[in-house]
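Asker: This is what each chain is made of:
Number of protein chains: 2
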Amino acid sequence: MTRRVAVLTGGVGGAKLVHGLLQIMPAENITAIVNTGDDFQHLGLHISPDIDTVLYTLSGKANRVQGWGREDESWNFMEALRELGDEDWFALGDRDLALHVVRSYRLAQGDSLTAITRDCSMAWGIGAIILPMSDNRVATFLDTDEGLLEFQRYFVESRCAPIVKQVIFRGSENAKAAPGVVDALYAADIVLLAPSNPYLSIDPLLSVPEINTALHSLRAPVVSVSPIIGGRAVKGPTAKLMKELGKDVDNSSIAAHYAGLINGLLIDSGDEAPSGIQVAKTDTLMRSHFDRARVAEAACDFAYSLGTK
Amino acid sequence: MTRRVAVLTGGVGGAKLVHGLLQIMPAENITAIVNTGDDFQHLGLHISPDIDTVLYTLSGKANRVQGWGREDESWNFMEALRELGDEDWFALGDRDLALHVVRSYRLAQGDSLTAITRDCSMAWGIGAIILPMSDNRVATFLDTDEGLLEFQRYFVESRCAPIVKQVIFRGSENAKAAPGVVDALYAADIVLLAPSNPYLSIDPLLSVPEINTALHSLRAPVVSVSPIIGGRAVKGPTAKLMKELGKDVDNSSIAAHYAGLINGLLIDSGDEAPSGIQVAKTDTLMRSHFDRARVAEAACDFAYSLGTK
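Top line first, the protein sequences correspond to chains A and B. Each residue of the first sequence is one higher than the one before, counting from 194 in the working numbering. Each residue of the second sequence is one higher than the one before, counting from 194 in the working numbering.
None of these hints come from the bench; they were simulated from the model. Treat the hints with care, since some could be wrong.
Any copy, or any two copies together, can satisfy a pair, since identical chains are not distinguished.
Straight-line alpha carbon distances no greater than 25 Å define the calculated SDA-like cross-link-like pairs of lysine to any residue that follow [claimed, not checked]:
1) K369 - I422
2) K502 - G253
3) K254 - G278
4) K254 - M271
5) K433 - A486
6) K436 - S481
7) K474 - I361
8) K433 - E272
9) K254 - A284
10) K358 - H409
11) K440 - R311
12) K428 - K440
13) K502 - V427
14) K358 - E280
15) K369 - W317
16) K254 - L277
17) K474 - L236
18) K502 - R275
19) K474 - D312
20) K369 - A466
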């Protein structure tokens, strides 16, 4: 029996989990539904950081040392941009630019982010289905001690230094799920929430009404892979943000955050299981391709074991 | 006495003449009025090939071997574009892209091509004033045996192979001269027409009514530097095009083309002087920086010698 998996994911960590899934099951059985709350306009270009990271990771183009962007990248565009005196806080690699230019051009012509992402995925031979969460604009904003900041201004320009009071998803209440998203969720035998930042990367997905409704009403088990290991986040501002939002940096907080939504939580072998939720353990740190496959397998096995609701 | 020069110019050859002027007189006395009939939209970017060539040439960034684009250029954007299966007939260098992205972004925000060109010129320390002929869209089209072609499709994609029946400047009848253009013409002590292609690079400038009227009514002498040497064009499709348009490839045709507009024609030392026009001679081929200065000086001296009308 071929089983279908839908994964809700943000960028780096989530992309690794999807890459792990690709190693253990037929690509066509995998649908990755990707956060677009981080999308923004920069120098007139439409940039979709999480979709880009997923596309680069699954096509083997991701820069694994840097954690974002492409391998074998060059930076001559940025150098020329600085010569012109233009803002250079967001780094755009020469190769990376191709995706942004093509995407922006096609969006301006009326093509959807869904169609553009699909074509790019096909051009790069990615078998899995990659869907933006929505073709409508949902923008993550941070209410901070330095005022209201658009996600990339907080994340990249301010390096997550401002203290966050609240995370806001503008436009989500009127956003439709992208074509295929709701169908993929209902068709899935299991649904995974990737080990992406719950507040910044998964919550935007959950803020889209159709996605939220589907997740609460489908019969397939939903398993979250925890982004917390030993009281710390693997990467990025998760731990800092959790503290600022008044949460303990542990799996109880993750379980509480996803309460009513998930049926199980996959946590790191060394961590204590929170109460009130089904838990499985594995080494959740994904350093190698093998790690990715192992974590993906552990998440799938765990989800299958939970059975339908 | 400080004398002011206005130059009507296209890309490569004209840029060399302006660069020559910069070597023999104060930069602030030079105004280059640049053809924008070649401008086009590509992948959503606004590209101004002749302005780019002038900017790159005057700031020392031009690729002198290639004849277009920048030195020390890299092509990783193009490689990534091809991976995506996108059209690659127009080469965009990684550094070159910065200018296109910034220009497109600023135009979309409502800035004028004049303002953008000025800021770029200032950022790169170019003292001369560089003006687009118009902030309105004038588009050069070629009526050919292969149908109506936009300039870059003819020039770059089709490598000038189609046989041209007519050259058309769409939008010119309603185009206003860019701010500063008419003033610069009237303020000039001499006006030069650069050795750019008369039909493809200078005629678009002349097709703008205010520019045409100013050139016909100003008292300053107007001198054209011929693009023909020994019955051949120095570069590009000039000779082929002249034949297709039923002209002899010689200076008589150039003089006839500019009849009523120019007061003098600067031709190559080895060429025969056409009748009915004042002529001066120099070695008009501009291979070195020294050649550029020499031709610029010969053109200026000749123009000064003609006196006001």
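Asker: If the cutoff is 25 Å on CA atoms, where do K369 and W317 land: within, between, both or neither? Let me know, please.
Answerer: Intra 27 Å, inter 46 Å, cutoff 25 Å: neither.
Asker: Could you place K474 and D312 in one of the four classes (within, between, both, neither) given a Cα distance threshold of 25 Å?
Answerer: Neither. Shortest intra-copy (37 Å) and inter-copy (59 Å) distances fail the 25 Å Cα cut-off.
Asker: Please sort K502 with V427 into within, between, both or neither, judging by C-alpha distance up to 25 Å.
Answerer: neither (31 Å within a copy, 79 Å between copies)
Asker: My question is about K474 and I361: at a cut-off of 25 Å on alpha-carbon distance, are they close within one copy, between copies, both, or neither?
Answerer: Neither way: K474 and I361 sit 32 Å apart in one copy and 72 Å across, limit 25 Å.
Asker: At most 25 Å between alpha carbons: which applies to K502 and G253, within, between, both or neither?
Answerer: neither (36 Å within a copy, 69 Å between copies)
Asker: How do K369 and A466 come out at 25 Å by Cα distance, when the copy is not named: within, between, both, or neither?
Answerer: neither (36 Å within a copy, 73 Å between copies)
Asker: One pair to classify: K254 and A284, alpha carbons no more than 25 Å apart. Within, between, both, or neither?
Answerer: Intra 17 Å, inter 23 Å, cutoff 25 Å: intra and inter.
Asker: Could you place K428 and K440 in one of the four classes (within, between, both, neither) given a Cα distance threshold of 25 Å?
Answerer: within (17 Å within a copy, 70 Å between copies)
Asker: Taking 25 Å as the upper bound on the Cα-Cα distance, should K254 and M271 be classified as within, between, both, or neither?
Answerer: both (20 Å within a copy, 16 Å between copies)
Asker: When Cα atoms must be at most 25 Å apart, do K502 and R275 count as within-copy, between-copy, both, or neither?
Answerer: For K502 and R275, the Cα distance exceeds 25 Å both inside one copy (56 Å) and across copies (47 Å).
Asker: Is the C-alpha distance from K436 to S481 at most 25 Å within one copy, between copies, in both cases, or in neither?
Answerer: For K436 and S481, the Cα distance exceeds 25 Å both inside one copy (29 Å) and across copies (66 Å).
Asker: When Cα atoms must be at most 25 Å apart, do K254 and L277 count as within-copy, between-copy, both, or neither?
Answerer: Between copies only: 13 Å across chains, 29 Å inside a chain, cut-off 25 Å.
Checked against the numbered hints above, the structure breaks hints 1, 2, 5, 6, 7, 8, 10, 11, 13, 14, 15, 17, 18, 19 and 20 and satisfies the rest.
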